[in-house]
Structure formats: structure tokens, C-alpha cells
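Asks: Please work from the sequences and hints to get the whole structure.
Chains as they are written, first to last, in my numbering: chain A, 1 to 303; chain B, 1 to 245.
Hints in this document: simulated from the structure, not taken from any laboratory. Heads up, a few of these hints could be off.
Derived lysine to aspartate or glutamate pairs resembling DMTMM-like cross-links, with alpha carbons at most 20 Å apart [stated by the list, open to error]:
#	chain 1	residue 1	chain 2	residue 2
1	A	K88	B	E206
2	B	K2	A	D35
3	B	K2	A	D272
4	B	K227	A	E50
5	B	K227	A	E85
6	B	K65	A	D201
7	A	K206	B	E206
8	B	K2	A	E32
9	B	K69	A	D282
10	B	K227	A	E84
11	B	K221	A	E50
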Amino acid sequence: MAELNVELCGIGLDNPIIPASGTFGYGYEFAELYDINCLGTFSFKGTTKEPRFGNPTPRIAECTSGMINAVGLQNPGVDKVIAEELPKLRNVFHKPVMANVSGFSVEDYAYTCEKLDACPEVGWLEVNISCPNVHGGGMSFGTSPEAAAEVTAAVKKVTTKPVLIKLSPNVTDIVSIARACEQAGADGISLINTLLGMRIDLRTRKPVIANRMGGFSGPAIFPVALRMVYEVSSAVQIPVVGMGGVTSAEDVVEMMLAGATAVEVGAANLVDPYACRNILRDLPEVMEKYGVHALKEIIGGAH
Amino acid sequence: MKQEFFTVAENTYLTETVCRMRLQGDTAAITGPGQFVNIRLDGHFLRRPISVCDAVPGELTILYKIVGKGTATMAELPVGTMLDLLVGLGNGYDLSKAGEHPLLLGGGVGVPPMYMLAKKLREAGKTVTAVLGFNTAEEVFYEQEFRALGVETRVTTVDGSYGIRGFVTDAIADVPYTHFYTCGPEPMLKAVYAATKTSGQFSFEERMGCGFGACMGCSCKTITGNKRICKEGPVLMKEEILWQN
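Replies: See the structure below:
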């Protein structure tokens, strides 16, 4: 029997498959199609202190083997997430869930994380530090080791649950940022967020996306993501959650060989709502084909 | 929403750029007119959302305009091709508000969803007037199909080369309608909004990621709160629309 279970920051997962934040809502659209309790867990829609409508539309552009999105963190705000979304989530998903958090100041992050940390449904906090720092001149928290460490320390101070810091790939040295987060107390690292990209409409000669630029995701970014997971997992002692363009069971095994303890699946959910269930269906056969008995034994196996 | 596999039974040109595709498969998830399907195509990452023109048990008809690479790929699919569709997407039109004489206003590729709507309204015994708007005579399609339903059908062309010269709103002054339904390009929807005197329902279009409510790619603001065009839409009531620009 193929063993799929892994452990992420002290919490057992039946398997390492985790739908990524922003591609799975709060779970219930997908729960109409299949029992989402087959998943390891999922990372729910990025939550901020205040409600956000997000960016103007168009927010989506297609690319070769991928897509660009500039949704802009649309969410009802942490209070409504706790009051309205988590009770609905609890009806369809019965395992600890990953709470994805964004913010525009260190205080925002700490505020939102502290509130979600107190929710029994939440198992891990995944802190997205790709947002612009409104107090720091608009530079993303995730582009400087100092700012990343500051957010990590502030969140750790007010929370009890494992904190994963989700890194942006749009930096010159992702390893130094991962190390800074680890030193500031992070329990894990998740990477990569989307790559900054754009498309231009040849008819209008204007950017397709109203926000001009957005995050590029999908199978096209898999090799970049894999390389960064490999580099970061070599440099830190804490677990790494790998993501970026994962669409198949083979991709999952490859990501784990690169050093991922668990694997998030993003854009694939949007084109095939059964993507994660199908990956889970295919995993045992792929493991057998490549002589893998237990997934937890291959983590970082390529190093 | 359900994922279903369909087989192409017909794929023919109605005009130079508009094609009709008939697809055979399980249509049970389609609950009414105004919904759409999201079609997966080889070589394209995102699915293509297309409105449902007609659906009967076992068969679905879509009319689509070739505007980009995806729809160009669709036009080349031979009969017998198997396609992966998400069906039963979107809220669709509310037929209960029609009254005795509903008015249907479709512009260009906004015409197709009006067909199944007209059919269902006729089945419910309503007097139906449909105004189908096009730019020019060569673009006109489905006039006879609407007439065959027993619908009073008017065609407008912007250049006057066929039917009534002008826009759909130039052809409704004498219609004693009780409610209206519309689908078409946004300038047309705005003109309909301004020219109509009763309540009505508007079907909107937006670039979509998933088409089933997961990605928040197609959100819009309305008087009754934020809505996803793919999930709480594409049909909005006139009273809840907030025009953005």
C-alpha cells in the first residue's frame, strides 16, 4: 500500500495535496462536486483586516500554458470570514484548514493572524508577504529580508499555531528571504506565489488586465517553482510547502523530491475543478511506477 | 454545475464569423435559459465560456463568434470530437417575472441565449416580441428560428441594410411589453437600460478564470453587493445594476 501521509509543522496530513489560496474559495464550490475531505487540507481565500473588492476587471488574461490574474485580494474581511465563511466551511471540510492572510502593514498582518489563530477550524496560518507595504513606500514585504522578518516576528508574537510564510518569486535572492523568516521564528515556508507578468491586446494596444500587470501561474511556471523549492529547502531547516504550476501526480512527486513536505495546487483547479481529486487518484500508481513506497521518505530526495 | 463530456454533432457557419455547434451529451445540469457552458480546448489553458442557445435532453446548441484563437480552434473541430464541458453555470433568466408580454432584446452574439428563453416563454403561453440587433445584413442569423417559435421577430441593422435601421432600442416604441430580457455588448445594454420603462434582466459578459465561482476573476459591484458574473450572474436585475464607467 502506498503511504501518502506526511506531517506539516507537527500536524498530520492524510496526503500532501493542498489546493492553493485563491483557487479554491472557502471550499464549498468544490464540495458540490466531490467530498473535499479527501484533501490533505486546503488554503482558503486570502484574508485581510478590512473587506476588499479588489481590482477593476478585466482581472484575467490567458497565456501559453498558464494565466495571469490581478484579482487584488477580494475578500469580505477577517470578521466576516470568521462569522460567515468558516461556519459554512466547517460543514463541508472536517480537517484543520490553512488560513491565508494578507496585509498592508505589519499591524494588519498581526491583527488578522491573531483573530484567525483563535478559530478552531484553523490548523496553520499561511502569511502571504507579496502585498505592497503601504507604510514602507509600497515595496512588497516579500522583497526584503528585513521586512519579511518583521512580519514573521510580529505574527509569531500573537499566534500559537504554525506559521508558514508564503514567499514571492519576484526577488533577486529568495534564499536570503527564506532564511530571514526562519530566523524570525517561521514554522515553515511556502513558495512560490505568482510571477509578475502582463499581456497586451493587439487590437486595443493596451494591457489586457485593467491593473496592467498581474500574477502569472499555471504549468509554465513549474520549473521556476521547482528550482526555488530546491534552493530554499537546501537553505532552511523548517518544512517547505511547494507550489507553482503543479497539475499532475508526477509533478507532486517531483516537487517533493525537490524538497517539498506538502504540495499546493493552484491554477489547475480553475480549469479542472477535479484536478486535486484526480492527482490523488493517480498518486499511488505513479508512486508504484517510480518505486516510491512512502511519500514522506522522498522529501528532498534529489539533494 | 457538472463536468460532462459531449460529442460534436454539428459545427457549421451561420455567417462569416458566427458558427453553430450542436453537442450531444447529458444536459441535465442546465436548469434554464441564460446559463452558459465552459469548454476545454486542446492547446488553450483556460476554458471558453459560451452561452447556451438551446438545450434539450441529450443535446445542447451553442452559437459562437470567432473572435480569437480559442473560438478559431472551436470552428475547426470536426463532427465526432469529444469535448470536456462544465455545464449548468450561472444563474440564468428568471421566467417568473415575464408577465404576459415579455420583450427580448439581443445584440450580435447576445442573440443566442434569447432563443431558449423565447422557446420557454412561448411554452408558458406568453406573447413574445424579440428584437435581434446586428451591424449589417450579412451578420443576421436566427431570424427564421425565432419566427418558427411563434415569436414576433424584428431585426435591426445599424447600417439599415436589413430590417429596421438603427439599434434594438429603435424598434420597441410600440411594443406593450410587461418585462424585458436582454443580452449584448455593454453599450447596447446601457442604451436598453435608458430606453426601457419596466423592470428587466440583463446578461453580462466578463473575462473569466474558472467560470464557477472559485477565482473571483469576474466580480462586479451591484446595489445588492459584490457579485461574481459567473456565479450570481451573468443575469442581473435592472434595479441592482451599478454601471462602472
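Asks: So, for every hint listed, does it hold in this structure?
Replies: The hints, checked one at a time:
1. A/K88 to B/E206: violated, 27 Å
2. B/K2 to A/D35: holds, 14 Å
3. B/K2 to A/D272: holds, 11 Å
4. B/K227 to A/E50: holds, 18 Å
5. B/K227 to A/E85: holds, 16 Å
6. B/K65 to A/D201: holds, 18 Å
7. A/K206 to B/E206: holds, 17 Å
8. B/K2 to A/E32: Roughly 9 Å between the alpha carbons, so the hint for B/K2 and A/E32 holds.
9. B/K69 to A/D282: Answer violated: B/K69 to A/D282 is near 32 Å, above 20 Å.
10. B/K227 to A/E84: Holds. B/K227 to A/E84 sits at ~16 Å (cutoff 20 Å).
11. B/K221 to A/E50: Roughly 17 Å between the alpha carbons, so the hint for B/K221 and A/E50 holds.
Hints 1 and 9 from the earlier list are contradicted by this structure; the remaining hints agree with it.
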